[in-house]
Amino acid sequence: MVGSPVFLIAIPLLAAFLIPLLGMVWKELVRIVPGLVLAYLTFLSATLYIDVINSDTIVETIAGWRAPWGIDLVFSPLTGFLSTIMTFMGFIVWLYSYRFKRNVEFEAAKKYFIFLMLLVAASVGIVITGDIFNQFVFIEITGISAYALTAFYTGRNSAEAAFKYLVMGSLSASALLIAIIIVYAQLGTLNMAEIAANIDNMNVEYRIIAMIFFIIGIGVEAEIFPLNGWAPDAYTEAPGPVGGAFAGIVVKAGIYAMVRMMFTLFNISGPMQILIIIGMITLIIAETSALRQDKLKRMLAYSSIGQMGLVLVAFGMGTQAGVFAALFLMLNHAIIKPMLFLSGSYLEFNTKNKYIKEITGMGKKMPVVSAIFVLGALAISGLPPFSGFWSKLSVLTAAADENMILIITLVLIISLVEIVYYFRVINRLFFFDYDLEISVEPHKPGWNGMVALFVLAGIILFIGFYPSSVTGFLDLAARDLMDTHDYINNVLQLGQSIIQ
Amino acid sequence: MKKAIVILMLAVFGYFLAITFLDPQFEAERNRDGVKKFYLDKTVSELKTANTVTAIVVNFRGFDTLGEVTVLFLAATALGSILFKKRHHIGDRTVLLPASAIVGSGAKLIFPAITLLGVYVFVHGHLTPGGGFQGGTIIATGFLLMLIAYRDFSISHNILSVIESLAGIGFVTFGLLGFMNGGTFLQNFLGTGVLNDLLSGGVIPIIYILVGFKVAAELTGLIYTVLHEKG
Chain V
1 MVGSPVFLIA
11 IPLLAAFLIP
21 LLGMVWKELV
31 RIVPGLVLAY
41 LTFLSATLYI
51 DVINSDTIVE
61 TIAGWRAPWG
71 IDLVFSPLTG
81 FLSTIMTFMG
91 FIVWLYSYRF
101 KRNVEFEAAK
111 KYFIFLMLLV
121 AASVGIVITG
131 DIFNQFVFIE
141 ITGISAYALT
151 AFYTGRNSAE
161 AAFKYLVMGS
171 LSASALLIAI
181 IIVYAQLGTL
191 NMAEIAANID
201 NMNVEYRIIA
211 MIFFIIGIGV
221 EAEIFPLNGW
231 APDAYTEAPG
241 PVGGAFAGIV
251 VKAGIYAMVR
261 MMFTLFNISG
271 PMQILIIIGM
281 ITLIIAETSA
291 LRQDKLKRML
301 AYSSIGQMGL
311 VLVAFGMGTQ
321 AGVFAALFLM
331 LNHAIIKPML
341 FLSGSYLEFN
351 TKNKYIKEIT
361 GMGKKMPVVS
371 AIFVLGALAI
381 SGLPPFSGFW
391 SKLSVLTAAA
401 DENMILIITL
411 VLIISLVEIV
421 YYFRVINRLF
431 FFDYDLEISV
441 EPHKPGWNGM
451 VALFVLAGII
461 LFIGFYPSSV
471 TGFLDLAARD
481 LMDTHDYINN
491 VLQLGQSIIQ
Chain X
1001 MKKAIVILML
1011 AVFGYFLAIT
1021 FLDPQFEAER
1031 NRDGVKKFYL
1041 DKTVSELKTA
1051 NTVTAIVVNF
1061 RGFDTLGEVT
1071 VLFLAATALG
1081 SILFKKRHHI
1091 GDRTVLLPAS
1101 AIVGSGAKLI
1111 FPAITLLGVY
1121 VFVHGHLTPG
1131 GGFQGGTIIA
1141 TGFLLMLIAY
1151 RDFSISHNIL
1161 SVIESLAGIG
1171 FVTFGLLGFM
1181 NGGTFLQNFL
1191 GTGVLNDLLS
1201 GGVIPIIYIL
1211 VGFKVAAELT
1221 GLIYTVLHEK
1231 G
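Sequence lines, in order, name chains V and X.
Going by this note's numbering, the first residue of the first sequence is number 1, and it counts up by one from there.
Going by this note's numbering, the first residue of the second sequence is number 1001, and it counts up by one from there.
By construction, these hints were calculated from the structure, which means they are not laboratory data.
In this text, all values refer to a predicted model and were calculated from it rather than measured experimentally.
Heads up, the beta-carbon is just placed ideally off N, CA and C, and yes, glycines get one too.
Check each hint, because a few of them may be wrong.
Said to hold, decoys possible - Using C-beta positions, here's what the derived DEER-type ranges look like:
(1) TRP26/V / ASN1181/X: 53 to 59 Å
(2) SER174/V / LYS1002/X: 20 to 26 Å
(3) VAL1044/X / TYR153/V: 52 to 58 Å
(4) LYS1003/X / VAL451/V: 32 to 38 Å
(5) LEU1227/X / PHE431/V: 54 to 60 Å
(6) VAL1226/X / LEU406/V: 50 to 56 Å
Said to hold, decoys possible - Short, incomplete list of chain V residues facing chain X, as computed with Cβ under 7 Å:
(7) LEU14
(8) ALA109
(9) LYS111
(10) VAL137
(11) GLU140
(12) ILE144
(13) ALA148
(14) VAL204
(15) ILE208
(16) ILE209
Claimed, not checked - Pairs of lysine-lysine, DSSO-like flavour, derived with a Cα cap of 30 Å:
(17) LYS357/V / LYS295/V
(18) LYS352/V / LYS295/V
(19) LYS1003/X / LYS164/V
(20) LYS101/V / LYS352/V
(21) LYS295/V / LYS1002/X
(22) LYS164/V / LYS1108/X
(23) LYS164/V / LYS444/V
(24) LYS101/V / LYS357/V
(25) LYS101/V / LYS164/V
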């Protein structure tokens, strides 16, 4: 027994309060401790996940009050899967940024590591909690860490980006709170399973209004179309690894919250037009915007938004195959997009104004980083034999099963668009001559960053060649999400055996 | 055109808000009881806490409170990085007007009373209305008054940060002790005593006092940071 799910939240919080004290003792501890915590979280999450796969869902009560009355944490094949990816990506991002601002600015570095650790912990909290108000609290923690990280380089642009994010995030948090108030007024409970079991008792008009407010509230973190105005700015202005953390961790939590709300809370089965329509609009607008960007990180940010749209479309099909495809996309995106951000920020670091045209010929100066970037670009646009191919293929087969011709057409056209804008970068990297006029002499990337990039590249190649190694887990997770009845039973009954 | 769309969307938003909140149906006939009755019963019978709100905040939904305390901690830490502009020299104030003699001598007189009231409010959080958040805020207002009245009044940022950290660590530690002694995080593992006694409610008053210290230190730090803009 290495721990229980609550440690996934309690230990990072304890460490966050400890770090200011530790920093007074030895400055290096400020960067070592978050790494140890994230490594422990990854280990704990993976161990618990294996337990859950082999036996049964873990439902943990908090403060000794069972499910409908107290708060509970649900560690199921789905939440365990997501929390394992998130903690692992958190560790990778930490590894990449280990030497960030080292020996330069102590206060800034301390804040950076506290925010990064709490960003990961709160995102995991969003996923494993079984209570809507608790989820709201974790969304707040994630949000505040994210605003602070966006504003990290205290310049004019990052302040603007952070302020935009702050305003949108706070407004959406209010909308989420309104949704929670409506649900509580109607049903008298905040527990997800209890709400799911009683959702039919809720007046239809209030149910619709609550759902609209939920979508507005969660949509900002999930980057759906009208609510994602903050994303390109925030991804561009935040430090490089933070962009990776946003794409790999925070957005996944947002998507999970959205999907849990639709599938479990409101207990909708069958195709969900609203998710498909929102997803399609997000996909089309984001990918066509990505085509027009002349800054690398901005392009990656739009690409990330587009991928999330595709994930929502796949979830919206509402079938086992669709959910499977969506989870596969989330897994791939969680690994590939941070890899693109991390390698991309090395490339971008060596330019003056962060424009794509300035990385011309970088492939000759930084061959390894460029090669990893190319690998990520090929994988995310869905070329075989990389991992992205399998997830896109599963989206297509899931859509074909349901005869959704429009989705198939759209996915194929969008893939073409993706290939165009990624190959534009690849072309500049490798098939142009290096020009010192527009770039600066490249710095050598640190060993820690290279290790992080190689691990991610290895995983992408591995999943690409052996997709069957993950499909079993994805299948279980998809089944877990689809089976609302099982979720309700697990939460409301397992609680009874815990209390005396 | 753009403005018309914005106004239209705001109107739709407002309409939905209006119809929901004109009649939120808090007292509507429902098929189920909800959690209300359970909380009211158990607060008296098991937790022996006179203030139900405190019992809910610290025990039933203590995990949320831990989260909210973290939100405050993050906000205080982030303040320097989001709200910034051209810095003054260290020690200079944003508010440069000197306070009058009345404020100065009045503040000296009231400050101990305000602090005492704050301590009273969070120590009696489980018995009377109020608690850690309220008491901490009251203490912070006392420091605000002193900062306004005296230009050379200063508080060590390190001490505030140590208090803040220790209170946070204490909260999580009591949660973990509950896990070790009772099996669940934040479990009330101490004896609950007699209803309405000062020493009753198990860990509830202890945690609320820690929250009080934390909130007081954090808000004082916030005021100090904004006033001095040191970041």
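Do the hints match the structure? See the list:
At about 33 Å, the beta-carbon gap between TRP26/V and ASN1181/X misses the expected band of 53 to 59 Å. SER174/V and LYS1002/X have their C-beta atoms about 24 Å apart, which keeps the hinted 20 to 26 Å range intact. VAL1044/X and TYR153/V have their C-beta atoms about 54 Å apart, which keeps the hinted 52 to 58 Å range intact. In this structure, LYS1003/X and VAL451/V break the distance hint of 32 to 38 Å, their C-beta atoms being roughly 52 Å apart.
A C-beta distance of roughly 57 Å is found between LEU1227/X and PHE431/V, which places it inside the suggested range of 54 to 60 Å. Checked against the hint of 50 to 56 Å, the pair VAL1226/X and LEU406/V passes, with Cβ atoms roughly 53 Å apart. The beta carbon of LEU14/V is positioned within 7 Å of a beta carbon in chain X (closest approach about 4 Å), and the interface hint is therefore held. Checking ALA109/V against chain X by beta carbon gives a least distance of about 12 Å; that is not within 7 Å, so the hint is violated.
Among the interface hints, the one on LYS111/V holds; its C-beta lies about 6 Å from the nearest C-beta in chain X, closer than the 7 Å criterion. Residue-level restraint check for VAL137/V holds (minimum Cβ-Cβ distance to chain X is 4 Å; threshold 7 Å). With a least beta-carbon distance of about 5 Å to chain X, the hint placing GLU140/V at the interface is held under the 7 Å criterion. Because the closest C-beta pair between ILE144/V and chain X is about 4 Å apart, less than 7 Å, the hint holds.
With a cut of 7 Å, the hint placing ALA148/V at the interface with chain X holds, because the nearest CB-to-CB distance is about 3 Å. For VAL204/V, the suggested interface contact is broken, since its CB lies about 13 Å from the closest CB of chain X, more than 7 Å. Because the smallest distance between the Cβ of ILE208/V and any Cβ of chain X comes to about 9 Å, over 7 Å, the interface hint for this residue is violated. Interface restraint check for ILE209/V: the shortest CB-CB distance to chain X comes to about 5 Å, inside 7 Å, so the restraint holds.
Taken as a hint, the LYS357/V and LYS295/V pair is honoured in the structure, with Cα atoms around 8 Å apart against an allowance of 30 Å. With a C-alpha separation of about 12 Å, the suggested pair LYS352/V and LYS295/V falls inside the 30 Å cut-off, and the hint holds. Proposed proximity of LYS1003/X and LYS164/V is supported: the alpha carbons are some 19 Å apart, at most 30 Å. The suggested pairing of LYS101/V with LYS352/V holds, with an alpha-carbon distance near 19 Å, which does not exceed 30 Å.
As the CA atoms of LYS295/V and LYS1002/X are separated by approximately 27 Å, the hinted pair is consistent with the 30 Å bound. Using a Cα cut-off of 30 Å, the hinted pair LYS164/V and LYS1108/X is violated, with the two alpha carbons roughly 42 Å apart. Annotation: proposed proximity of LYS164/V to LYS444/V is violated, straight-line Cα distance about 34 Å (limit 30 Å). Using a Cα cut-off of 30 Å, the hinted pair LYS101/V and LYS357/V holds, with the two alpha carbons roughly 27 Å apart.
A C-alpha spacing of about 26 Å is found between LYS101/V and LYS164/V, which places the hinted pair at or below 30 Å, so the restraint holds.
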